[in-house]
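K.L.:
Sequence:
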Amino acid sequence: DLPELLSKVAVEFDGPAHFTKSSPNKGSKEPPRALGHTVLKYKLLKKQGWTVVRIPYYEFDRIPFWASMERQRYLQRKLKTHAHIRFSGIDVSEYKAPVPNKVSRFD
1 DLPELLSKVA VEFDGPAHFT KSSPNKGSKE PPRALGHTVL KYKLLKKQGW
51 TVVRIPYYEF DRIPFWASME RQRYLQRKLK THAHIRFSGI DVSEYKAPVP
101 NKVSRFD
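For what it's worth, the working numbering labels the leading residue of the sequence shown as 1, then goes sequentially.
Keep in mind that the hints were calculated from the coordinates and are not lab data. Everything hinted at is true.
List of simulated lysine-lysine pairs, DSS-like, C-alpha gap at most 25 Å:
#1 K41 / K80
#2 K41 / K8
#3 K8 / K43
#4 K78 / K47
#5 K78 / K41
#6 K102 / K78
#7 K8 / K47
#8 K80 / K8
#9 K78 / K8
#10 K41 / K21
#11 K80 / K43
#12 K80 / K47
#13 K80 / K46
#14 K43 / K21
#15 K78 / K46
#16 K46 / K8
#17 K102 / K29
#18 K78 / K43
#19 K29 / K78
#20 K21 / K78
#21 K102 / K21
Values in this document were obtained by computation on a predicted structure and should not be read as measured data.
Please model the entire structure based on the sequences and the hints provided.
P.N.:
Structural data, given as structure tokens:
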């Protein structure tokens, strides 16, 4: 039963260097695309049996730095979106989505 409990999880906080530059269209709602070296890294990790949880800067930075509980809830939500990661049935948090049009320091 013990091998079933062990799993390999990689949590990657991707900064701006992992993505294409913002498009000239400031009104564009499309997120930046991941660069080739980042995509390759994830493919290699997945091939080796890792579950990769990606945290892109353009999502994480929209949560104010002083809102540590919101950041914790965001990370919990991201981790729960992966089928291979199991948690206890107790959830004491309520995630609130970031404000859609809020400007981050990278906008």
